[in-house]
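Counting from 1, one number per residue, gives the positions in the sequence shown under the numbering used here.
Hints listed in this document are in silico derivations from the structure and should not be mistaken for laboratory results. By construction, the Cβ of each residue, glycine as well, lies at the ideal position given by its N, Cα and C atoms. Worth double-checking, as some hints may not be accurate.
Stated by the list, open to error - In the DSSO-like style, the derived pairs of lysine-lysine whose C-alpha atoms are separated by at most 30 Å in a straight line are:
| hint | residue 1 | residue 2 |
| --- | --- | --- |
| 1 | Lys158 | Lys174 |
| 2 | Lys104 | Lys254 |
| 3 | Lys288 | Lys176 |
| 4 | Lys158 | Lys272 |
| 5 | Lys104 | Lys158 |
| 6 | Lys412 | Lys158 |
| 7 | Lys104 | Lys131 |
| 8 | Lys438 | Lys387 |
| 9 | Lys387 | Lys174 |
| 10 | Lys254 | Lys412 |
| 11 | Lys131 | Lys158 |
| 12 | Lys387 | Lys176 |
| 13 | Lys158 | Lys176 |
| 14 | Lys438 | Lys131 |
| 15 | Lys412 | Lys131 |
| 16 | Lys288 | Lys137 |
| 17 | Lys387 | Lys288 |
| 18 | Lys438 | Lys137 |
| 19 | Lys254 | Lys158 |
| 20 | Lys438 | Lys104 |
| 21 | Lys137 | Lys158 |
| 22 | Lys137 | Lys174 |
| 23 | Lys272 | Lys254 |
| 24 | Lys288 | Lys158 |
| 25 | Lys412 | Lys104 |
| 26 | Lys137 | Lys412 |
| 27 | Lys272 | Lys288 |
| 28 | Lys531 | Lys387 |
| 29 | Lys272 | Lys174 |
As the list claims (entries may be wrong) - Just the calculated beta-carbon pair ranges, DEER-fashion:
| hint | residue 1 | residue 2 | range |
| --- | --- | --- | --- |
| 30 | Gly296 | Ser454 | 47 to 53 Å |
| 31 | Ala198 | Gly417 | 54 to 60 Å |
| 32 | Ser454 | Arg523 | 31 to 37 Å |
| 33 | Leu250 | Glu100 | 25 to 31 Å |
| 34 | Gly417 | Gly296 | 52 to 58 Å |
| 35 | Pro467 | Val516 | 29 to 35 Å |
| 36 | Arg235 | Cys17 | 54 to 60 Å |
| 37 | Val516 | Glu100 | 44 to 50 Å |
| 38 | Thr267 | Ala18 | 35 to 41 Å |
| 39 | Arg466 | Ala86 | 50 to 56 Å |
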Amino acid sequence: MATSGVPSPWNEAPLVCAALLVAVVAWCAARAAEWAWLRPRRLGRALRAQGLRGTAYRPISGDAAVADRLALEARSRPPLPPGCHAVVPRAMPLFHRAMEEHGKTSITWSGPVPRVTIADPALVRQVLSNKLGHFEKPGFGQLQRLLHYGVSTHQGAKWARHRSIINPAFHLDKLKRMLPAFASCCGDLVGRWEGLAAAAGAGEAREVDVWPEMQRLTGDVISRAAFGSSYLEGRRIFQLQDEQVRLAMLVANKIHVPGYIMLPTRTNRRMKRIAAEIEGILGGMIAKREGAMRAGEAATGDDLLGLMLESNMEQCGGMSADDVIGECKMFYFVGMETTSILLTWTMVLLSMHPEWQDRAREEVLRVFPGGAAGTTAPDYDGLSRLKIVTMVLYEALRLYTPLPAVHRRTYKPVELGGVRYPAGVTLVLPLLSVHHDKDVWGPDAEEFRPERFSEGVAGAAGGADRPPAFFAFGGGPRTCVGQSFALLEAKMGLAMILRRFELELSPSYSHAPFPVPLLKPERGAQVRIRKLP
Numbered sequence: 001m002a003t004s005g006v007p008s009p010w011n012e013a014p015l016v017c018a019a020l021l022v023a024v025v026a027w028c029a030a031r032a033a034e035w036a037w038l039r040p041r042r043l044g045r046a047l048r049a050q051g052l053r054g055t056a057y058r059p060i061s062g063d064a065a066v067a068d069r070l071a072l073e074a075r076s077r078p079p080l081p082p083g084c085h086a087v088v089p090r091a092m093p094l095f096h097r098a099m100e101e102h103g104k105t106s107i108t109w110s111g112p113v114p115r116v117t118i119a120d121p122a123l124v125r126q127v128l129s130n131k132l133g134h135f136e137k138p139g140f141g142q143l144q145r146l147l148h149y150g151v152s153t154h155q156g157a158k159w160a161r162h163r164s165i166i167n168p169a170f171h172l173d174k175l176k177r178m179l180p181a182f183a184s185c186c187g188d189l190v191g192r193w194e195g196l197a198a199a200a201g202a203g204e205a206r207e208v209d210v211w212p213e214m215q216r217l218t219g220d221v222i223s224r225a226a227f228g229s230s231y232l233e234g235r236r237i238f239q240l241q242d243e244q245v246r247l248a249m250l251v252a253n254k255i256h257v258p259g260y261i262m263l264p265t266r267t268n269r270r271m272k273r274i275a276a277e278i279e280g281i282l283g284g285m286i287a288k289r290e291g292a293m294r295a296g297e298a299a300t301g302d303d304l305l306g307l308m309l310e311s312n313m314e315q316c317g318g319m320s321a322d323d324v325i326g327e328c329k330m331f332y333f334v335g336m337e338t339t340s341i342l343l344t345w346t347m348v349l350l351s352m353h354p355e356w357q358d359r360a361r362e363e364v365l366r367v368f369p370g371g372a373a374g375t376t377a378p379d380y381d382g383l384s385r386l387k388i389v390t391m392v393l394y395e396a397l398r399l400y401t402p403l404p405a406v407h408r409r410t411y412k413p414v415e416l417g418g419v420r421y422p423a424g425v426t427l428v429l430p431l432l433s434v435h436h437d438k439d440v441w442g443p444d445a446e447e448f449r450p451e452r453f454s455e456g457v458a459g460a461a462g463g464a465d466r467p468p469a470f471f472a473f474g475g476g477p478r479t480c481v482g483q484s485f486a487l488l489e490a491k492m493g494l495a496m497i498l499r500r501f502e503l504e505l506s507p508s509y510s511h512a513p514f515p516v517p518l519l520k521p522e523r524g525a526q527v528r529i530r531k532l533p
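Starting from the given sequences, assemble the full structure and let the hints guide the process.
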């Protein structure tokens, strides 16, 4: 039988499939080339054409290997001498080297994304204020959610909605109602230290690592003031979050690879289990509180969770259950870590500079009489009059800024400081470097001089005629919502400690600040405490 001249569709199917496969592979290859090579080269040329210099682009990895090597070198160096506050090379080795070699406005690479350091205080403030909406806070995808997600990570309308719900919980009248919880937690710490001092003998000093002590204190405050629970109930969350941060640091230089965090590696699987357990604990706490509120049981309480849920109800549910869990994760993470770091470095600094310790103690005893035997908890009016203590805290925040750098991404092309940045460039605001800049703060920028804040923050960097250069709490509309909470907590803790104990630096202390990712004492913060008569 003669065969038809019409080709069978079954014979064409393999050709069609092959053509589709070739098209898909070509499309993927083009996208990969654009992501890994063409776009980075295009952005890099646009920046270098305007005179910016920096590190050379290495496909896909960027400066990850260099950053890891410099961080390892920084950690392997001998500790800084006690009293030396030149911590920037140790805490920000990659950015410090780039600024030293290529200028304060220099290029580095996070994978295929160019980063430009912006170290001029006026430009830093302009970026943070974001008046024209040119900048957005870059996210870290799934890794960010595994760590914490809340108002500090949201953008646009969602950020505005969450901020409006959370802000009332930090109003002054609400913070005043939290002071008894602050005082109770600080009283527990003081009582524990008095037991240690008594065991050492009258007039004798006892060594204490104040870093874990301050973590326990601020964890207790967050648990009681934020959730109406206790440190013991919140301990599991703190343990899990500490492990989560350590795991996140292991993968931080790989997250620019699309989908990396989704790979079933041992670290990624463990991080997901940790996040699920934390969210399960918090979800149970929230559901229990919401049930009590719906049943009309008592008041919502004076803690942040109750106030946040109350505000959310008043705004007809502006946040979902998942949103509330995210904000709680943020409170636990940020609220505990940043204030514990502030208190730890403040006590280390006061141990290094006993003359300022004496001045701060004299002020505390003057405002809250009764000496070491005083049992009345400091009140808000008294805490607000502690000018020297406030100066000391600000100087500690300047020298040991908890978050050494913040990042913003150009959402659309923008001109800044005479440079036109294309969309998709990350701007690195090296706050720690700005706070140590001798061109900004004077030749004594790396010295502990709290008196520079005697007239407040605005004129601290060289006088009122110069732009403010203090960014410990960020700036602009995204200024830290918990700023007043943290400062009140720190003042309460410092006041109650100073009126009962004398602090001196232990011979075993090693001065080794290092960001993981916040600026922590890598080898502890050993201080000798002595009970005052």
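Each hint, compared with the structure:
| no. | hint | verdict |
| --- | --- | --- |
| 1 | Lys158 <-> Lys174 | holds, 24 Å |
| 2 | Lys104 <-> Lys254 | holds, 26 Å |
| 3 | Lys288 <-> Lys176 | holds, 25 Å |
| 4 | Lys158 <-> Lys272 | holds, 24 Å |
| 5 | Lys104 <-> Lys158 | violated, 34 Å |
| 6 | Lys412 <-> Lys158 | holds, 20 Å |
| 7 | Lys104 <-> Lys131 | holds, 24 Å |
| 8 | Lys438 <-> Lys387 | holds, 25 Å |
| 9 | Lys387 <-> Lys174 | holds, 23 Å |
| 10 | Lys254 <-> Lys412 | holds, 26 Å |
| 11 | Lys131 <-> Lys158 | holds, 18 Å |
| 12 | Lys387 <-> Lys176 | holds, 19 Å |
| 13 | Lys158 <-> Lys176 | holds, 28 Å |
| 14 | Lys438 <-> Lys131 | holds, 29 Å |
| 15 | Lys412 <-> Lys131 | holds, 14 Å |
| 16 | Lys288 <-> Lys137 | violated, 33 Å |
| 17 | Lys387 <-> Lys288 | violated, 41 Å |
| 18 | Lys438 <-> Lys137 | holds, 28 Å |
| 19 | Lys254 <-> Lys158 | holds, 28 Å |
| 20 | Lys438 <-> Lys104 | holds, 13 Å |
| 21 | Lys137 <-> Lys158 | holds, 13 Å |
| 22 | Lys137 <-> Lys174 | holds, 29 Å |
| 23 | Lys272 <-> Lys254 | holds, 17 Å |
| 24 | Lys288 <-> Lys158 | holds, 25 Å |
| 25 | Lys412 <-> Lys104 | holds, 23 Å |
| 26 | Lys137 <-> Lys412 | holds, 13 Å |
| 27 | Lys272 <-> Lys288 | holds, 24 Å |
| 28 | Lys531 <-> Lys387 | holds, 24 Å |
| 29 | Lys272 <-> Lys174 | violated, 35 Å |
| 30 | Gly296 <-> Ser454: 47 to 53 Å | holds, 51 Å |
| 31 | Ala198 <-> Gly417: 54 to 60 Å | holds, 58 Å |
| 32 | Ser454 <-> Arg523: 31 to 37 Å | holds, 33 Å |
| 33 | Leu250 <-> Glu100: 25 to 31 Å | holds, 28 Å |
| 34 | Gly417 <-> Gly296: 52 to 58 Å | holds, 57 Å |
| 35 | Pro467 <-> Val516: 29 to 35 Å | holds, 31 Å |
| 36 | Arg235 <-> Cys17: 54 to 60 Å | holds, 58 Å |
| 37 | Val516 <-> Glu100: 44 to 50 Å | violated, 23 Å |
| 38 | Thr267 <-> Ala18: 35 to 41 Å | holds, 39 Å |
| 39 | Arg466 <-> Ala86: 50 to 56 Å | violated, 23 Å |
Hints 5, 16, 17, 29, 37, 39, counting from the list given before, are not met by this structure.
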